[in-house]
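Given next are the chains, with one letter for each unit.
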Amino acid sequence: MATAVSGDDVVSLSDAPTRPMNMIEAINDALDIMLERDPDVIVMGEDVGYFGGVFRATAGLQDKYGKTRVFDTPISECGIIGVAVGMGAYGLRPVPEIQFADYIYPGLDQLISEAARLRYRSAGEFIAPMTVRTPFGGGIFGGQTHSQSPEAIFTHVSGLKTIVPSTPHDAKGLLIAAIEDNDPCIFFEPKRIYNGPFDGYYDKPTKPWKDHPDAKVPEGYYSIPLGKARTVRKGEALTVLVYGTMVHVAEAVCREKGVDAEIIDLRTLVPLDIEAVEKSVEKTGRCLVIHEATRTSGFGAELVSLVQERCFYHLEAPVERVTGFDTPYPHSLEWAYFPGPIRIGEAIDKLLEA
Amino acid sequence: MAKQGEGGGYNRPRLALHVPEPKFRPGDTVDFSHIPVPEAGAQPRPDETCAASETNPLCTALVRVLGDDNKAHGPWDPRLSPDKLREILRDMALVRAFDERMYRGQRQGKTSFYMKCTGEEATSVAAAHALASDDMAFPSYRQQGVLISRGYPMVEMINQIYSNRGDKLKGRQLPIMYSSRGYSFFTISGNLATQLPQATGFAMASAIKGDSRIAAAWVGEGSTAEGDFHSALTFAAVYNAPVVFNVVNNQWAISSFSGFAGSERTTFAARAIGYGIAGLRVDGNDPLAVYAAERWAADRARSNNGPTLIEYFTYRAEGHSTSDDPSQYRSAQEREEWPLGDPIMRLKLHLIELGEWSEDQQKAMDQELAEAVKAATKEAEKNGILGHGMHHPFHTMFEDVFEELPWHLEEQADQAIRERKIKWPQQ
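For the record, the sequence lines run as chains P and H. Residues 1 to 354 (the numbering used here) make up the first sequence, in order. Residues 1 to 427 (the numbering used here) make up the second sequence, in order.
Bear in mind the hints are in silico, worked out from the structure with no lab data behind them. Backbone N, C-alpha and C define an ideal beta-carbon position, used for all residues, glycine too. The reader is advised that the hints may include incorrect statements.
[Unchecked claim] If the Cβ cut is set under 7 Å, some of the chain H residues that face chain P in the computed set are:
1. ARG165
2. GLY166
3. LYS168
4. ASN191
5. THR194
6. GLN198
7. THR200
8. PHE202
9. ILE208
10. GLY210
11. VAL401
[To be verified] The calculated lysine to aspartate or glutamate pairs, modelled on DMTMM-like cross-linking and capped at a C-alpha distance of 25 Å, are:
12. LYS209/H <-> ASP38/P
13. LYS168/H <-> GLU125/P
14. LYS71/H <-> ASP83/H
15. LYS209/H <-> ASP72/P
16. LYS228/P <-> GLU399/H
17. LYS279/P <-> GLU219/P
18. LYS209/H <-> ASP299/H
19. LYS350/P <-> GLU316/P
20. LYS234/P <-> ASP326/P
21. LYS209/H <-> ASP47/P
22. LYS228/P <-> GLU404/H
23. LYS209/H <-> GLU180/P
24. LYS23/H <-> GLU337/H
25. LYS279/P <-> GLU410/H
26. LYS257/P <-> GLU353/P
27. LYS279/P <-> ASP414/H
28. LYS170/H <-> GLU125/P
[As the list claims (entries may be wrong)] Simulated coverage check for chain H against chain P, where a stretch passes if three residues somewhere in it have a Cβ under 8 Å from a Cβ of chain P:
29. 174-180
30. 406-418
Could you put together the complete structure from these sequences and hints?
Set out below in structure tokens:
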């Protein structure tokens, strides 16, 4: 039987008492702590001020820190991100919110050509220490413009750090680390699991976070280093490389199938914890890569390549990959798109039979 | 329902697309009489604290100070001392001498690329003199005058242009894409207009922190078509950001004339009206008018009266860069016929008119500046020129992507260094 391992690699974690939180509360708590600790932290975005964000991630913050530190912005992603670059160059640590990851494209030039390159092109004279928070992924009937998982676009860009938490505990610690980081970070929040972990069956409601061990979030400040994966559970039969919402789906499928899988939650895609990946695949000899984003040129392709290049002689079977389909995210058929238990189960069977 | 295709719609008039065309092409005789040049001194100067709408008439006018009589006129006369005027004249002349030398350097193969600002020197030099030295400049690619005016060492500029051992940017950036935090000169991007939202963000940050520094950004008239321009103006207007937007309308965006950015219908300064911010349209070849307008806008921003959009109406006398030949797309006569003259000539004649300068002094200064540029060039060449060897350790190629080197870049750096030993064993 696999054992749950959680919360390793956590630094600065005192014996603080814990409190059950869902992911939105954990993110709100992280922002609250950083606004309190560092007067240079600024929170901005569409509807984040008085209203507290359409997902309530910034609720109460404007009241507490005032309108010049937490404020609404015009509907202009190019403006939000471009302005954040200038604020970062001044010396602030802006935390802009892009309301849905699907809206980020008008701001891409500012992210890709500007934020990501500022340090390089100025040889370290100007930096953009900003953390772009954005809800991403499907499973909430959001249609094609409220469901996308565009993480691969950002992992392809030199100079950006890409972060995807999968639990309230990690969301808080990783967000704090991202805000403290001097490089521009993209923080993708898997909105399907904002309010509870999700085990992949569309006809079952999402469970509340309160009973989950990773929802016991320490009070106060702690951070989780970027570039360190989390072993969700140890196992011998195969390695599952996964992040975000799909961590919980993978866990449920392995549990229900009784597979002794080692599940690695990558937590940050860039920088990637290659050591954790190699160690696990060398032990199990089998590897499954899962993400919700579309298949072609997805981040899974990168993971499969890395495993093939670095662990080939330890492999007992070809690396498998389970992803969303190469279509825009459909509205009424979203549960047909979603890489759920059937797709994952079949891939596991194929891996174990090989 | 009307039938689709040619002649569809039956008796309705056929629609037609308008594609702008500049007035003159190669070989054409130039006549600039359609450009109204108002009398110097005729434009009113509202107080810096005025309502933005008070500047609306100035968005379609042309603020001028120096008249044909070489005298300063009217309320926009900044009343600068002769010493200050000589400083501005000297900096403009130095920029021109520098451009001349670097252009030749490119033709001699010492670097890959260069961009002159001939004819537009006032829009960066006089503007820089009107700003505080620590106001952050967010330049486009033709504001070498800001660095020169702030006393940035020419040798450093040339090191950057040559991508040599001395290049502080480690040979990563195109020539002329300078960066200097110490001189409050923001790193230049090749993607146009991206610096405008950044300048706005910098200005907002300065205001959030209760600082007194403002931001000033420069952009060409062609790039006002970029979304960034409009995002920047929206944010600046919404938050009353202490920022000055300088649109250098030099008439040409490579081979596309300003009509492709919308100049046939209105002015670029008039963009300010729609955003409810102050706007000024200024004779960009009149250094006194440029100084006065930039100072007005800077004072306005500094006293929390908000952003200003300034259009500097000028002319790009040379090609866009060393990579294009303007004789292929515009009449060679344009440069000679430009109705607003040359900024260096105009300031020189003004100083002579004041009895504070002479042709002989100008000649001596030009000689001295040419020598200074030549000496700086020689000094920089000691650090190497582009193409003569690889001046930077290969490991530097991988630094500054992130603050710390992650494993994948360290691995790739090892590969690059190994390849170097095989490919270039002598280096």
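Could you work out which earlier hints the structure fails to respect and list their numbers in ascending sequence? 1, 2, 10, 17, 20
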